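Chemist: Take a look at the letters that make up each chain.
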Amino acid sequence: MAVDTSVKIGSWQLANPIMTASGTFGYGEEFTPFVDLSSLGAIVVKGISLRPRPGNPPPRVVETASGMLNAIGLQNVGVERFIAEKMPMIRQLGAHVVVNILGDSLEEYRELAARLADVEGIAALEVNISCPNVKKGGVAFGTDPLMAARVAGVVVKESSRPVIVKLSPNVTDIVLIARAVEEAGATALSLINTLMGMAIDSRTGRPKLANIIGGLSGPAIKPVALRMVYQVASAVKIPVIGMGGITNLEDVIEFMMAGATAVQIGTANFINPAVSGELVKGFRDYLLESGRTSASELIGSVRL
Amino acid sequence: MAVDTSVKIGSWQLANPIMTASGTFGYGEEFTPFVDLSSLGAIVVKGISLRPRPGNPPPRVVETASGMLNAIGLQNVGVERFIAEKMPMIRQLGAHVVVNILGDSLEEYRELAARLADVEGIAALEVNISCPNVKKGGVAFGTDPLMAARVAGVVVKESSRPVIVKLSPNVTDIVLIARAVEEAGATALSLINTLMGMAIDSRTGRPKLANIIGGLSGPAIKPVALRMVYQVASAVKIPVIGMGGITNLEDVIEFMMAGATAVQIGTANFINPAVSGELVKGFRDYLLESGRTSASELIGSVRL
Amino acid sequence: MQYLEDGQILANQTVGPDTWRLEIRSPRLAGAAQPGQFVMIAVGEATTDPLLRRPLSIHQAADGVLTLLYRIVGKGTRLMSRLVQGQEVSLLGPLGKGFKIHSSAHHCLVGGGVGVAPLLFLASAIKARLPGEKMSILLGGRNSRELLVMEDLRERAPLLLATDDGSLGLHGLVTDLLALEIKEGPATIYTCGPTPMMQGVARLARDHACSCQVSLEAVMACGMGACLGCTVQRPGFAEDEQKYVHVCKDGPVFAAEEIWL
Amino acid sequence: MQYLEDGQILANQTVGPDTWRLEIRSPRLAGAAQPGQFVMIAVGEATTDPLLRRPLSIHQAADGVLTLLYRIVGKGTRLMSRLVQGQEVSLLGPLGKGFKIHSSAHHCLVGGGVGVAPLLFLASAIKARLPGEKMSILLGGRNSRELLVMEDLRERAPLLLATDDGSLGLHGLVTDLLALEIKEGPATIYTCGPTPMMQGVARLARDHACSCQVSLEAVMACGMGACLGCTVQRPGFAEDEQKYVHVCKDGPVFAAEEIWL
Ligand SMILES: Cc1cc2nc3c(=O)[nH]c(=O)nc-3n(C[C@H](O)[C@H](O)[C@H](O)COP(=O)(O)OP(=O)(O)OC[C@H]3O[C@@H](n4cnc5c(N)ncnc54)[C@H](O)[C@@H]3O)c2cc1C
Ligand SMILES: Cc1cc2nc3c(=O)[nH]c(=O)nc-3n(C[C@H](O)[C@H](O)[C@H](O)COP(=O)(O)OP(=O)(O)OC[C@H]3O[C@@H](n4cnc5c(N)ncnc54)[C@H](O)[C@@H]3O)c2cc1C
Ligand SMILES: Cc1cc2nc3c(=O)[nH]c(=O)nc-3n(C[C@H](O)[C@H](O)[C@H](O)COP(=O)(O)O)c2cc1C
Ligand SMILES: Cc1cc2nc3c(=O)[nH]c(=O)nc-3n(C[C@H](O)[C@H](O)[C@H](O)COP(=O)(O)O)c2cc1C
Ligand code: FES
Ligand code: FES
Chain A
1 MAVDTSVKIG
11 SWQLANPIMT
21 ASGTFGYGEE
31 FTPFVDLSSL
41 GAIVVKGISL
51 RPRPGNPPPR
61 VVETASGMLN
71 AIGLQNVGVE
81 RFIAEKMPMI
91 RQLGAHVVVN
101 ILGDSLEEYR
111 ELAARLADVE
121 GIAALEVNIS
131 CPNVKKGGVA
141 FGTDPLMAAR
151 VAGVVVKESS
161 RPVIVKLSPN
171 VTDIVLIARA
181 VEEAGATALS
191 LINTLMGMAI
201 DSRTGRPKLA
211 NIIGGLSGPA
221 IKPVALRMVY
231 QVASAVKIPV
241 IGMGGITNLE
251 DVIEFMMAGA
261 TAVQIGTANF
271 INPAVSGELV
281 KGFRDYLLES
291 GRTSASELIG
301 SVRL
Chain B
305 MAVDTSVKIG
315 SWQLANPIMT
325 ASGTFGYGEE
335 FTPFVDLSSL
345 GAIVVKGISL
355 RPRPGNPPPR
365 VVETASGMLN
375 AIGLQNVGVE
385 RFIAEKMPMI
395 RQLGAHVVVN
405 ILGDSLEEYR
415 ELAARLADVE
425 GIAALEVNIS
435 CPNVKKGGVA
445 FGTDPLMAAR
455 VAGVVVKESS
465 RPVIVKLSPN
475 VTDIVLIARA
485 VEEAGATALS
495 LINTLMGMAI
505 DSRTGRPKLA
515 NIIGGLSGPA
525 IKPVALRMVY
535 QVASAVKIPV
545 IGMGGITNLE
555 DVIEFMMAGA
565 TAVQIGTANF
575 INPAVSGELV
585 KGFRDYLLES
595 GRTSASELIG
605 SVRL
Chain C
609 MQYLEDGQIL
619 ANQTVGPDTW
629 RLEIRSPRLA
639 GAAQPGQFVM
649 IAVGEATTDP
659 LLRRPLSIHQ
669 AADGVLTLLY
679 RIVGKGTRLM
689 SRLVQGQEVS
699 LLGPLGKGFK
709 IHSSAHHCLV
719 GGGVGVAPLL
729 FLASAIKARL
739 PGEKMSILLG
749 GRNSRELLVM
759 EDLRERAPLL
769 LATDDGSLGL
779 HGLVTDLLAL
789 EIKEGPATIY
799 TCGPTPMMQG
809 VARLARDHAC
819 SCQVSLEAVM
829 ACGMGACLGC
839 TVQRPGFAED
849 EQKYVHVCKD
859 GPVFAAEEIW
869 L
Chain D
870 MQYLEDGQIL
880 ANQTVGPDTW
890 RLEIRSPRLA
900 GAAQPGQFVM
910 IAVGEATTDP
920 LLRRPLSIHQ
930 AADGVLTLLY
940 RIVGKGTRLM
950 SRLVQGQEVS
960 LLGPLGKGFK
970 IHSSAHHCLV
980 GGGVGVAPLL
990 FLASAIKARL
1000 PGEKMSILLG
1010 GRNSRELLVM
1020 EDLRERAPLL
1030 LATDDGSLGL
1040 HGLVTDLLAL
1050 EIKEGPATIY
1060 TCGPTPMMQG
1070 VARLARDHAC
1080 SCQVSLEAVM
1090 ACGMGACLGC
1100 TVQRPGFAED
1110 EQKYVHVCKD
1120 GPVFAAEEIW
1130 L
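Residue numbers (the working numbering), protein chains in the order written: chain A, 1 to 304; chain B, 305 to 608; chain C, 609 to 869; chain D, 870 to 1130.
There's no promise every hint is true.
As the list claims (entries may be wrong) - In silico EDC-like pairs for lysine to aspartate or glutamate, Cα to Cα no more than 20 Å straight-line: (1) K944/D with E696/C; (2) K1118/D with E85/A; (3) K705/C with E462/B; (4) K683/C with E957/D; (5) K944/D with E85/A; (6) K683/C with E1053/D.
What the hints assert, rightly or not - Just some of the chain B residues that point at chain A, by a computed CB distance under 10 Å: (7) G371; (8) A388; (9) P392; (10) R395; (11) G501; (12) S506; (13) T508; (14) I516; (15) V533; (16) T551; (17) E554; (18) G595; (19) S598.
It is worth saying that the hints were derived from the structure and are not from the lab. Computed from a predicted structure; not experimentally measured. All residues carry an ideal CB built from backbone N, CA and C; glycine is no exception.
Here chain A stands alone, though its shape is the one from the complex:
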């Protein structure tokens, strides 16, 4: 029996709703022993800035109850080396790639969008306005509807491709930000980024992260992520890409029932590097077994 696993984000059709989350999948190549990258709906690469960034001093990661804190500090090779060194490999692997971008000024976002505009083999841009790890940049944009809308605006203006704006969960009213970004012309929204958190070593009395504060991810944050996806998907017309603690097929289904058109797998890649590929297959089987004919039937199907 035929089943249609594809989903649409604007004009872009994904073979299936399973994507990998920025910063948790490197540039893809590390996972080739475990996943056929071309089988994934898409991969989202580590956040790219205009110039290379060294990132934060160690320690950068620490485990918490059913989660982890990270303060990588947006380490990346910069857009030029990304285009020169990473894109060829990604193209060659046949991955559908979303480039996650971040900047600390509207200008930097504009330049990044412009620089990537005519690079071949990019499916979409994801705009990180929400990274909680770097004091300047990130957070400021993502927590203010006006600034969020302006960033979305400049990137949309420069880009011919679908523009996904990634929202911060560290806000009072995420729906407010979502609506502002939708108005600014974003093709889709992705959420959630990490929750700001902290850990202290009670024996040494020192923070467990050199950066003191980091981003919380993993199963621990899933209830918060699912709530925000539900609230945002109920409030906007554009597609929502859900993430936050997804580790198995049930999680994928729950996020889609809450209103997500697609999902991103993050921290779970660290626990099982093959998980994204397993979920592509598992999702197809689930649709068949549950007697559904297309993925779209699942989206927003939660019964209230």
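For chain A, the structure is supplied; the task is to place chains B, C and D with the ligands on it using the hints.
Modeler: Just chains B, C and D with the ligands now, with coordinates in the frame of chain A:
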């Protein structure tokens, strides 16, 4: 060797910094087989409103990864029955009791504070401006600095006792709210209340809570709570009472190192009903073993 | 009196499809237990996932040994099935209000699926406290494999069986068995099982003016009245004050008419 | 090539204070392993706490069997110590860059505490690939009980021991032993242990113009270069681009001069 485990919240001196959190310890009596209530720094009773509330329909609780969601809906017996039926028992058990109050209007907060003002045997009031379970009331106050300050103001005005204002974590900038409440004359701040979350049963397609959205508590939220306690304690002069996922002595120490003067034990009471009493003893032993002479040495001692 | 006791596991064996029996040495708790009460058992050690204790009815309590009968439905019960002899497990209990046992012309215990769990302890108590009084145990299930611990029960009282597929006993519902029983005369009914079954039992009881006690379930966090999570709605009881009962404290055993008008 | 393999546990025994040896049948992984590489092992099953895999050096790999030597320092390693024969455990590896093995007048392996873990595999490889070449294994620890797996090591090469309290071997530091060794002539040095020890070893090596490889640690999330979490700062390397290395991918084994100028 003598060690001073006491801490001060305004004029109120607690024998030790271990308190139990509102809504997780009933009115205390259920725990008498496991804890000597009089040995605790204080117990905070379930939130009290002017009139009795039946609460939300079931299901009201669901487990999540290292946490739980609750949508009790602020069920309580109302202030009159609380005073008539619960207070005598609490007095008789020798517990130091903090009465947690909530209302859906400034007027209700004022009336509650006035009604409790001359009730004997109450150590302090804790003002819940942050309960995420009820659509009206709670949340609105706690997410807006001005409204938060006004609630704090009216309660402070009516009450002769220390007034602890309990903050919501579901905000963009908790320091903003904390400062506003401090200005309004609050004796102390307690945080965090639960994070708004949601769970869906992928088999039935239904939300796992009848109320759809509930409050996330337990170890899962500890990193977020610790971060907020650290941020708030660094920004205000009044004492901060920390809570969120505390289950063991290390957690207590981490919150105090982050700047908490006292801590509240919530969800952990469900897992081990004796935990609060065990922590009182454990805390004293820890001070001795770590060569400290007083609890105050621990407060805000995180080494950056 | 309630206890927080580290019990020592004596045995943990499968006794039916996905169903296990766990025997734990837990003298204080077993000594205080009454039929119909339950315990909160800590599943998984040194981890916060699963986080909460799990409520399980007391299947039997004698000679300092507590027996639980559980079905694997998820993470916690799966972890329980891995417990081995000699390990320690933390128990909280006995909790809640159990069955009221009074002299009666005929005690009818009606169980469905793993709902038989509390009925063994109840049958033992009735037999001990009211020797010679007539008692019958009625069991229902989808098929013969779902009828559990029949040998143990048969030692206490005659068994009457019903299966949906007729693979054992009456080809029908346990309520059909009950209807026949109470036609012969008044009975005191005790029931535990799926809600639809218990509602059917309660309806029969009401129609024949038999007293009926039902053992309810609800998702629980604390099991001791502290979280107010384990609510059950009382249909018909409009009034706010009476709208809900709390299974862990007001129950788990209720007079049927308290719950279903 | 890296593998994600469910290994079967053959043995899990204590071999020292809080120190255990775990033997796992894991043919593909063991077949591909090189000395100095590590694996990410999944601790705790059907739970999200602990969440992440734990990195452990490959202590030995032969005949399809992988051996790990680990010290209990927290939740995950404590859970590991509960693993029993016959159970399955998920392994990811072999990971990272191991020791470079070249012909040398004298191979000096210097280990401290549980840092000896990778040295057994290394000694076996040197003995097999460069038969007849001179090799010494220098072990240091606080006391005699902290000197681990000495019998296994002695089968590969002569052992030289040092303890802080003099309870076994030289009353002093393992670096004192090393100083004596390299005074006698040039050596190739391989070291794994506490950072201060390795820095002392690296300093000696530099002063005597000996090549020195160090095996570093960092807290890890993925172990495969995806999270960028396992950074180590390279003192002296001011330039942004060169400021950090990633232990899981660039290492865990580095030339000493790459890390400490
Ligand atoms: C007073 C009382 C007595 C009980 N006695 C027994 C008994 O004797 N034997 C037995 O096998 N079971 C009994 N139960 C049910 C038992 O508590 C649940 O099956 C168990 O908690 C499930 O835990 P889990 O981690 O395996 O499943 P989870 O992973 O927690 O959940 C798996 C599925 O089970 C459902 N579930 C979870 N908790 C409960 C609950 N408290 N009640 C009903 N369904 C639930 C969930 O909704 C989910 O669909 C009793 C419940 C109560 C309230
Ligand atoms: C490449 C590599 C190889 C290693 N090889 C071995 C080995 O062969 N044998 C062995 O016993 N240990 C080895 N370690 C260290 C080992 O990974 C940690 O001891 C282990 O992860 C602790 O897990 P836990 O859950 O028991 O402790 P946790 O509860 O996670 O932490 C307890 C304490 O251990 C510290 N810790 C946690 N992770 C690490 C880490 N990755 N490195 C250092 N300290 C850590 C924490 O800061 C904390 O103080 C290695 C580490 C790395 C990076
Ligand atoms: C180690 C790490 C690095 C991350 N780096 C980025 C990043 O560069 N850009 C970004 O938008 N999100 C980044 N994230 C956030 C994830 O993409 C994702 O939004 C978040 O982790 C929640 O999903 P999860 O719980 O499935 O991990 C990072 C997350 C982790 C754990
Ligand atoms: C079942 C339940 C009921 C609660 N009821 C209240 C309440 O009535 N008033 C209040 O201010 N907080 C209430 N809380 C929040 C707790 O007091 C506490 O702020 C929160 O649970 C975080 O702490 P924890 O992680 O230790 O549980 C409740 C929490 C739970 C789990
Ligand atoms: S389970 Fe907490 S009140 Fe019943
Ligand atoms: S541990 Fe993830 S990059 Fe090294």
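Chemist: Which of the numbered hints above does this structure break?
Modeler: 3, 5, 6, 8, 9, 10, 18, 19
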